[in-house]
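S.K.: Given chain A, work out where chain B should sit, using these hints.
In order, the protein sequence lines correspond to chains A and B.
Number 234 in numbering that gives the first Met the number 0 belongs to position 235 of the first sequence; there are no gaps in the numbering.
Number 195 in numbering that gives the first Met the number 0 belongs to position 196 of the second sequence; there are no gaps in the numbering.
Simulated from the structure, these hints should not be mistaken for lab results.
Glycine included, C-beta positions come from ideal geometry on N, C-alpha and C.
Check before you lean on any hint, since a few could be wrong.
Here are the simulated PhoX-like cross-link-like pairs (lysine-lysine), alpha carbons at most 25 Å apart as the crow flies [what the hints assert, rightly or not]: (1) 152/B with 36/A; (2) 36/B with 152/A; (3) 152/B with 152/A; (4) 28/B with 152/A; (5) 28/A with 152/B.
With beta-carbon atoms standing in for the labels, derived distance ranges [unchecked claim]: (6) 43/A with 164/B: 27 to 35 Å; (7) 164/B with 312/A: 47 to 55 Å; (8) 36/B with 146/A: 17 to 25 Å; (9) 310/A with 173/B: 19 to 27 Å; (10) 258/B with 113/A: 38 to 46 Å; (11) 113/A with 132/B: 35 to 43 Å; (12) 43/A with 60/B: 40 to 48 Å; (13) 132/B with 341/A: 35 to 43 Å; (14) 43/A with 113/B: 52 to 60 Å; (15) 113/A with 113/B: 33 to 41 Å.
Listed next, the stretches of chain B that the computed footprint assigns to chain A, with coverage defined by at least 3 CB atoms under 8 Å from CB atoms of chain A [to be verified]: (16) 95-105; (17) 127-139; (18) 143-152; (19) 180-192.
There are 2 protein chains.
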Amino acid sequence: MKSEGLHLSCPIPLQDYPQVLLAHGGGGKLMSQLIEKLFLPAFANPWLDQQHDGAVVELDGVRVAFSTDSYVVDPLFFPGGDIGALAVNGTVNDLAMCGAQARFLSVAFIIEEGLSMEVLWQVTQSMQRAARETGVVLVTGDTKVVDRGKGDKLFINTAGVGVVGQRIRVAPDRLRAGDAVLVSGDLGRHGIAIMAQREGLVFESVVESDCAPLVEPVMALLKAGIEVHCLRDLTRGGLASALVEIAECTGRQIEIEERRIPVGEQVKGACELLGLDPLYVANEGRFVAFVAQTHAEMALEILHACPVASGAVCIGQVSTERSAMVLLESLIGVRRIVDRLSGEQLPRIC
Amino acid sequence: MKSEGLHLSCPIPLQDYPQVLLAHGGGGKLMSQLIEKLFLPAFANPWLDQQHDGAVVELDGVRVAFSTDSYVVDPLFFPGGDIGALAVNGTVNDLAMCGAQARFLSVAFIIEEGLSMEVLWQVTQSMQRAARETGVVLVTGDTKVVDRGKGDKLFINTAGVGVVGQRIRVAPDRLRAGDAVLVSGDLGRHGIAIMAQREGLVFESVVESDCAPLVEPVMALLKAGIEVHCLRDLTRGGLASALVEIAECTGRQIEIEERRIPVGEQVKGACELLGLDPLYVANEGRFVAFVAQTHAEMALEILHACPVASGAVCIGQVSTERSAMVLLESLIGVRRIVDRLSGEQLPRIC
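Only chain A is shown next, with the shape it has when bound in the complex (with noise of 0.2 Å):
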């Protein structure tokens, strides 16, 4: 049954690792671990190598981005969106993040036995108000019904598709010195807003997701002729996970400032209080952008423009040295080093 190129034995150790673990799911050190030791050798392809959040193929000379996720968020409803939004969104900007406008989405649902029909139809409706708001179109699906007790009421999966014009190339090997790290807003907001729905915790006022739709200011960048080298999303394992697989993928030496890093109040309370590092709590609405120092201004002044990124900032710039890590320098001018999560920070965050 093997063939040339096949792995003859599992290549993570299962002395270590006999079983999956929630944090081999979340965005941290054993998610990259599985990715680099088992998924990336298993599928060895240029496209997979790139470790983007999608992947640009050509088919008959037309560039196309394709990405997929699934999403398996608990609860479905929370304040700011539900897992239909997400869902739609969470591709679009997958596609974005590739340089592309999405086109098209696949949408196929694994439901529990048991789910309320009208949560259903609910969640539907709210895929089709998201698709309609970016101008994307649902056009193939599946449906799949599994036993009470094998899933959890919801889960989607969505695949999409749109095209990259062909002079834009969008990936973390374009990374070059000198570029400017900007952030399209406030973090944390949707990792606070699921954990503070889940465990019942009450703030002043209720934190909502930022769930949203980032094709608005990634097009708009790109339109005015903005030299974007890379753009990712921000989701599970927040700012601080995107910039770490960025520096180790590609080599460089990422600088950001904590003075410059936008946290809202309350997200800011929150985080205080159970114990978090608000530089690694999830997103659904904020991308990273590494575009030319002198892009920077202009740059900025184009994502202000946009009201989905209207608190874009500059926290940092890619450096000369190419340590292949992330630095941050803190409030109080010390410098560190900024390491993958390490464990489970809060499962089925997306």
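M.R.: Frame of chain A; chain B shown alone:
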């Protein structure tokens, strides 16, 4: 929150179906109701309305077939295949039914905490083998881990894209009176293999799933210039459900003869034992082709030259009547209407 075109209340009567049942995913009447009453109106668009195995969309002038399926089969490994091979072949086959050779797949895992790492690795190896066999590349992916008891070992979603030749139009609305109805081989092996494995049934020799890629025979038909009007792979709900679906959505009358329908002795025996009708048993490597009557002979010759379709036969034709029904002439010469499954024959078959 409501905008035009969105429905104000759930279109499925909640007094009848307050909750989603297993049969809503079974390929029969309830699934058809769910799709027609809930999903199609919610996501209304010409692609979905075609009710094909995938959508053919245009991206910068290139006709791209796009399809998705989630795989929730239980058990994960069965005689003749496993969830990994199924997840690759299933989507490759859906694209073939649109007249496209699959080029790129996305892969999304939903893993239950505690899944054996060795099993995950075996499944990825199987996916890679299946991908190589059909020349498709797994270019982008996603991994989610859900808490123990909130999933069932492993669910896999794949979506795929491929190019459809400019002159190729394979879709239900191309059916014509007189078209020959060809099936590519003996029916029901996948369903019986799963059922036997799950229920611990022992037959004289092991029934192996027919799980296989169908690209070769489909491409051979198209390349030879056979006038192929419609293709459908025979998965959940079997041959009967596929034909009823096509008859209903085209308004055509399809006539088949029981004596011509190929069913192996083992499957026949198992069906008798279990009280099943092989017409409704699932397959994962069989398809039905509607081809112009004048091309039927040549089409069969071409199919016979492909190992996966060497058992292809003509089982009937499209009538000039427009009853939107499937009529079966039984072994004793009685004509009866073939209906959709009204319950759930066997959940988690694919």
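S.K.: Hint by hint, say whether it matches the structure.
M.R.: Structure-based check of all given hints:
no., hint, result
1, 152/B with 36/A, "holds (20 Å)"
2, 36/B with 152/A, "holds (20 Å)"
3, 152/B with 152/A, "holds (16 Å)"
4, 28/B with 152/A, "holds (22 Å)"
5, 28/A with 152/B, "holds (22 Å)"
6, 43/A with 164/B: 27 to 35 Å, "holds (30 Å)"
7, 164/B with 312/A: 47 to 55 Å, "holds (49 Å)"
8, 36/B with 146/A: 17 to 25 Å, "holds (24 Å)"
9, 310/A with 173/B: 19 to 27 Å, "violated (52 Å)"
10, 258/B with 113/A: 38 to 46 Å, "holds (43 Å)"
11, 113/A with 132/B: 35 to 43 Å, "holds (38 Å)"
12, 43/A with 60/B: 40 to 48 Å, "violated (32 Å)"
13, 132/B with 341/A: 35 to 43 Å, "holds (39 Å)"
14, 43/A with 113/B: 52 to 60 Å, "violated (28 Å)"
15, 113/A with 113/B: 33 to 41 Å, "violated (23 Å)"
16, 95-105, "holds (count 3)"
17, 127-139, "holds (count 8)"
18, 143-152, "holds (count 8)"
19, 180-192, "violated (count 0)"
Violated hints, listed in ascending order, are 9, 12, 14, 15 and 19; each of the other numbered hints is respected by the structure.
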